[in-house]
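Chains as they are written, first to last, in the numbering used here: chain A, 1 to 149; chain B, 1 to 187.
Hints are computed from structural coordinates only; laboratory data are not their basis.
Hints may contain errors.
[To be verified] Facing chain B, a subset of chain A residues (Cβ under 10 Å, in silico):
#1 I38
#2 E55
#3 L107
#4 P112
#5 L143
Quantities reported herein were computed from a predicted structural model and do not represent experimental measurements.
Where is the CB? At the ideal position from N, CA and C, for every residue including glycine.
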Amino acid sequence: MALPIPDEFPLEDSQPTPSALSLIPYFVAGGFFGFLAIRSEIASWYRIYEMFRFESFHMYGIIGSAVLTGALCLRLLRRWGLEMRPSEPGRYRYLLGGLVFGLGWGLVGACPGPIYALLGSGVAGAGVVFLGALLGTYAYGWLQRRLPH
Amino acid sequence: MEVFGQPWPWYVAGPLIGLFVPLLLVLGNRRFGISSSLRHLCAAMGSRLPLFRYNWRAEGWNLAFVLGIVGGGFVAGVLLPHPAPLELNPQTAAALRQMGLSPEDGLVPRELFSWQALLNWKGFVFLLLGGFMVGFGARWAGGCTSGHAISGLSALQPPSLLATLGFFAGGLLAAHLILPWALQALR
């Protein structure tokens, strides 16, 4: 289905609805990620704050080594024909959308992955952040046509 | 088993997080990204806006993935909790105390995230607005830290670099200008 303004990661409408069984590997992978988010403390409000004050290498080390690992693996996978789809063109959406995201990230100290991990670990406030993120997503859908992209 | 209850250093956690990019590509040609799940949830709730009108069930892998994250968070945070406080830079800890936060327990400040904090309407609105910006900005930018800063940068995609610059600019503004003021207002 053609969207008025395509999302960064276009959805493939022809895809069939997956069976519940085929979703299990993703659930397990998500489980590892959630565990990792807590254990590596990337889900910590304090670590994010520390990062934005440039007072710890921890988060930079994590993001840097994750990107390096991802880039090396993608280089290998390209030989087997597996490649990531290119992004949508645009400038404003990335800079301005990124800025708004960053403002929220700096305040609540959690991006979407950690929000889910904190929800699971029983942090009450994570529920409110999650609710806010859902409302924000919906509001974007509503204002989409009026925003620069 | 000991190691599973201890915090993991960056050089263990970082490469493991990076491995999710090839893992999801191999599992089903998926792009590692988490904020899309919020879009799918809006679609699942039946919104008629164009952004949310698609067969969200076809994106079920993403919802299964985030459900897994919740489960993993439960295992790490509730079943195998790490009770000691975070080893923060003393300068950071001092700045936090000055702003009225006490970094003594858990991953998040109880002054902002506990049930008690939520009973204060200002604290509730703070988290709701912050979350709102995370959701709004992620969809506008077409991805969050996982989709852009990890996946997109790994694939050397220029738009993801722009988005990551935006994330950092926003975060710096929030941490240095807005947060001290907001925490003052919350007290």
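Next on the checklist: Given a cut of 10 Å on the nearest C-beta pair, is the interface hint for L143/A held or broken against chain B?
Outcome noted: holds, 8 Å
Checklist entry - Taking the closest Cβ pair, is I38/A under 10 Å from chain B? => result Holds: closest Cβ of chain B sits about 4 Å from I38/A, inside 10 Å.
Checklist entry - Would the hint on E55/A stand, with a C-beta cut-off of 10 Å toward chain B? => result E55/A check passes; min Cβ-Cβ to chain B is 4 Å, inside 10 Å.
Checklist entry - Taking the least C-beta to C-beta distance, is P112/A closer than 10 Å to chain B? => result Interface hint status for P112/A: holds (4 Å vs cutoff 10 Å).
Item to check | Agreement of hint L107/A with chain B interface, Cβ distance less than 10 Å | outcome: Holds, about 4 Å.
Comparing the model with each earlier hint shows no violations; every hint is respected.
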